[in-house]
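Visitor: Each chain, written out:
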Amino acid sequence: MTTKPPSLGVRVAGDTNVGKVRTTNEDSMILDPIRGLFVVLDGMGGANAGDIASQMARDAIAEFVLHRRSTMPMPALLEQAIQTGSATVFAAAQANRERHGMGTTCVAALMVDPTHVLIGHVGDSRAYLLRGGRLQMLTRDHTIVEELVDRGLLSPEDAERHPYKNVLSRNLGARSETRVDIVEVELKPGDRLLLCSDGLYGYASAEGIQYILGSGDEPEHVARDLIDLALRGGGGDNVTTIVLEAPAAAPSSTQIVRTNGAGAWWQRRQRFLHVAKERGLPKNPIVRGLDPNEALELVALNLCQAIYHDLEKSTGVNVWTFAQTLAGGWFERGGEWAPLRGMMDILGESSRVVVDEIRTLDSQLGFLLDVAVSRALVVAELALGGLLAERLRQVDSDLIMLHTAAQETIEGSIDELLDTGDTGDRFIDRPTIPFLRPDRQVTNSGESAEVINAIEKTLTIARARTVPRAELVKQILSSLEAIATDGAGSFATSVLAARDLYGVRTVDDNGIMPLFDALDQARILTASSVHQIQASDITRARALRAISAAHQRLVGAATGLVLEAAAPFSDKLREAQVKTSEMRDQVAKAERKRAELERRFATNVDASLPWGSRGNTEW
Amino acid sequence: MSDQDMAAAVSVLRDEVLDTVEQGDRDPPGTEVFDALVRTLSIGGESVPGLDLNLHDAVARRLAWGDSEEVVLQDAEVVFDRLLVAVDRAFRDPADQMVVIEAATQVAVTVARVVSLAAVSRATRDRADRLREEMTQRQLKEVLEKQKANIARLETDLASGFR
Chain A
3 MTTKPPSLGV RVAGDTNVGK VRTTNEDSMI LDPIRGLFVV LDGMGGANAG
53 DIASQMARDA IAEFVLHRRS TMPMPALLEQ AIQTGSATVF AAAQANRERH
103 GMGTTCVAAL MVDPTHVLIG HVGDSRAYLL RGGRLQMLTR DHTIVEELVD
153 RGLLSPEDAE RHPYKNVLSR NLGARSETRV DIVEVELKPG DRLLLCSDGL
203 YGYASAEGIQ YILGSGDEPE HVARDLIDLA LRGGGGDNVT TIVLEAPAAA
253 PSSTQIVRTN GAGAWWQRRQ RFLHVAKERG LPKNPIVRGL DPNEALELVA
303 LNLCQAIYHD LEKSTGVNVW TFAQTLAGGW FERGGEWAPL RGMMDILGES
353 SRVVVDEIRT LDSQLGFLLD VAVSRALVVA ELALGGLLAE RLRQVDSDLI
403 MLHTAAQETI EGSIDELLDT GDTGDRFIDR PTIPFLRPDR QVTNSGESAE
453 VINAIEKTLT IARARTVPRA ELVKQILSSL EAIATDGAGS FATSVLAARD
503 LYGVRTVDDN GIMPLFDALD QARILTASSV HQIQASDITR ARALRAISAA
553 HQRLVGAATG LVLEAAAPFS DKLREAQVKT SEMRDQVAKA ERKRAELERR
603 FATNVDASLP WGSRGNTEW
Chain B
73 MSDQDMAAAV SVLRDEVLDT VEQGDRDPPG TEVFDALVRT LSIGGESVPG
123 LDLNLHDAVA RRLAWGDSEE VVLQDAEVVF DRLLVAVDRA FRDPADQMVV
173 IEAATQVAVT VARVVSLAAV SRATRDRADR LREEMTQRQL KEVLEKQKAN
223 IARLETDLAS GFR
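Protein sequences, first through last, are from chains A and B. This note's numbering applies: residue 3 is where the first sequence begins, and numbers increase by one. This note's numbering applies: residue 73 is where the second sequence begins, and numbers increase by one.
The following block holds chain B by itself, in its conformation from the complex:
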């Protein structure tokens, strides 16, 4: 089976793997994983691991829309599990099954890498934000101490007999 034929044959499994009937959504969870698999198969699994920019963008979009990294990871796991079941049923030739499974594993590792990169980037941003917060806290602390001193002086002056 050619690469294009293999990609087409897997595309047929889209509704089953993504459970579009149940989800009733145009882009159900895990769509980015399935699309990455079809892309990988269509180019014969020759992509450089971790460099699927479309997958990077798709995962970044999901994170930007508010999905957590954990949710993306869970969706990838679900898609992978459903795909193994579907492939077992849909492809009779064990050699074809192996091609799809190899591609799916490659995509799974790439998704994990992308999610991890996103988490690391977020951790780096959070760390920088936290440093800024701490600097602000130091400035506020100084202001607060000056205010306390002023308040103490004023209270002393008021108590001294201006009444």
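Here chain A stands alone, though its shape is the one from the complex:
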């Protein structure tokens, strides 16, 4: 049974079960949301009509509250009501000998207002409060053992093992008057109050009760599940539960956006796409080559979905990822800033149109959604800012590299003039081998627009599948697109692209092989990506053929550059060999001259000696 009184705003439910051992249910309860009265009573006396005691007390309490609620202070009302119940049971027991000794426990909750409740109790039926996931007991059992513990005559450990631990020190019906403990509790949003008989906590652990009470299920389910818990624990006694849930706090703006805003936004995704289309998103250069609907799905629908998920989870990660992927891919293809800015403006304007439409239907939701969507767009802008900063750093790094290369070239030229340096590791800017002539004609099949479209799609997919940091592979894929879609039929595009790829490299395995590894990687990527585009088999084959031809040209041009870079080594060797040969000639010539001079010198010396000594001079 679940009720929700409009005046108090609480939700409450209760349930009771005879258990697995007893034949009669001696428990009773009051569920009166109109007056805010909730009571659990556990009758005792067995054959002496414990069930009658609990029912009599129940009726007396309910009637007292019904008639006196408006005339008495609340604490007094509750205390007097319970006292009346006790007196009624006592009187009945005295009047009928067979019912002598009957009685009942009582735990009652009386709502003062939606945030305050009074708990009154006698006996060992309990009231628990669940707040912030923690279960706390609001009542102390009125048993002899507990009284002894309170007076310091018994330790809590000994109390657990005491033979009289279940013997009540107070109940309704034992005397005409009884002491009622009253506790006032301030309820906070989301608090849950549990009233129960000992049939629950005697057969269910406190952890189990806390778990079920805090499950977030409806009070009706919780009340029933608690009874199931006690039954699974043995069900040796009657068990009764009342679960009362305080009104939840007013939802936060975040919750409203999460629950209602995300749904409202997603419902209007087609409107978002329509506005984006109207504002020219499919014509943006970023989605050039794609079908308009494909472009809208790829960009606008993805953003719409990212915003939806971010609204739902109160995060910004999806929009961030979207912006980074979109802008990152565009920049990697050498894209300019202006189209990206234009694309983001279109997406921003489209989202505002949709939000404004929601605002006309629900101004509060529209306002909150406006803030939330604006936040998502700011996240996207931040992601772009990060990429731009990264791009600036890259440009800075490239400038330093170019400067270094230029310095090396200048120094190399000086070395060459001095004939002392090595000229192999230099940037190549002029073709010296016929194979690299830019005006050399190459086979050009002149592809149709459909095939060119397929080529662009294939390479877009291949780029998207490239692992991060594989900048060279991405550059190769962009070069392949330029070559494959070039209709000039000359080698110029390939040579230019190859020169960009070649950049500054040393002529050794470490300098050259990474280029060919990247070319091979690009080949594998394009070969697998062409099978993923939506096109006929013939178009796919033609696209692959054009890309493969472009690949061959690019690879050829890159190899030509390697040959060109290696050529100076042979030239320098030949020059060195010629020079060595000339020097050998000079040495031989000088040797001949020296020999001639020595011969003349010896002759002169010999001629100057006395006659008998001539011809004996040794040199």
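No lab work stands behind these hints: they were computed from the structure. Wrong hints could be hidden among the right ones.
[What the hints assert, rightly or not] Calculated cross-link-like contacts (lysine-lysine; reagent style DSSO-like; alpha-carbon spacing at most 30 Å):
{"hint": "1", "chain 1": "A", "residue 1": "Lys581", "chain 2": "B", "residue 2": "Lys218"}
{"hint": "2", "chain 1": "A", "residue 1": "Lys167", "chain 2": "A", "residue 2": "Lys22"}
{"hint": "3", "chain 1": "B", "residue 1": "Lys220", "chain 2": "A", "residue 2": "Lys595"}
{"hint": "4", "chain 1": "A", "residue 1": "Lys581", "chain 2": "A", "residue 2": "Lys591"}
{"hint": "5", "chain 1": "A", "residue 1": "Lys591", "chain 2": "B", "residue 2": "Lys218"}
{"hint": "6", "chain 1": "A", "residue 1": "Lys595", "chain 2": "B", "residue 2": "Lys218"}
{"hint": "7", "chain 1": "B", "residue 1": "Lys213", "chain 2": "A", "residue 2": "Lys581"}
{"hint": "8", "chain 1": "A", "residue 1": "Lys315", "chain 2": "A", "residue 2": "Lys190"}
{"hint": "9", "chain 1": "A", "residue 1": "Lys591", "chain 2": "B", "residue 2": "Lys220"}
{"hint": "10", "chain 1": "A", "residue 1": "Lys581", "chain 2": "A", "residue 2": "Lys595"}
{"hint": "11", "chain 1": "A", "residue 1": "Lys591", "chain 2": "B", "residue 2": "Lys213"}
{"hint": "12", "chain 1": "A", "residue 1": "Lys315", "chain 2": "A", "residue 2": "Lys279"}
{"hint": "13", "chain 1": "A", "residue 1": "Lys595", "chain 2": "B", "residue 2": "Lys213"}
{"hint": "14", "chain 1": "A", "residue 1": "Lys581", "chain 2": "B", "residue 2": "Lys220"}
Since the structure of chain A is provided, determine the placement of chain B on it from the hints.
Guide: Chain B in isolation, oriented as in the chain A frame:
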């Protein structure tokens, strides 16, 4: 079509692609490229890129016989272009065409890699040879300077009056 069937079907295009009628040679230019393609197709394109040792050997032989790297590169380009034309005509199924084109591109990249490796190796050898030449030049220079000094001394002595 199985790998072996595909290789056999491409082998049929050998005369057309290598232009054997015009060349009239047992091993016309680019033979090594075409053979590498047939090998790649026969094993289903599963070879590790750049590790076709037969192709390495074939290119090395051509270079050893005196062909330049540039000529090998040009031949590979010609074979590739002719192959694309022949495949377009010979294979009706676009899927079969794509298999051959993928293999041909793989071979083209491998040929380029082999040629580049050869060029780099040659550049390394030339650089070492040049260093040796320069050392020889330094020694010759020293000898030449000593000879010049001797010649100058002898000329001075001769001029001093031994006549």
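Visitor: Hint by hint, say whether it matches the structure.
Guide: Taking the hints in turn, this is what the structure says about them:
no.	hint	in the structure
1	Lys581(A) x Lys218(B)	holds (19 Å)
2	Lys167(A) x Lys22(A)	holds (22 Å)
3	Lys220(B) x Lys595(A)	holds (10 Å)
4	Lys581(A) x Lys591(A)	holds (15 Å)
5	Lys591(A) x Lys218(B)	holds (13 Å)
6	Lys595(A) x Lys218(B)	holds (13 Å)
7	Lys213(B) x Lys581(A)	holds (11 Å)
8	Lys315(A) x Lys190(A)	holds (26 Å)
9	Lys591(A) x Lys220(B)	holds (11 Å)
10	Lys581(A) x Lys595(A)	holds (21 Å)
11	Lys591(A) x Lys213(B)	holds (13 Å)
12	Lys315(A) x Lys279(A)	holds (28 Å)
13	Lys595(A) x Lys213(B)	holds (16 Å)
14	Lys581(A) x Lys220(B)	holds (19 Å)
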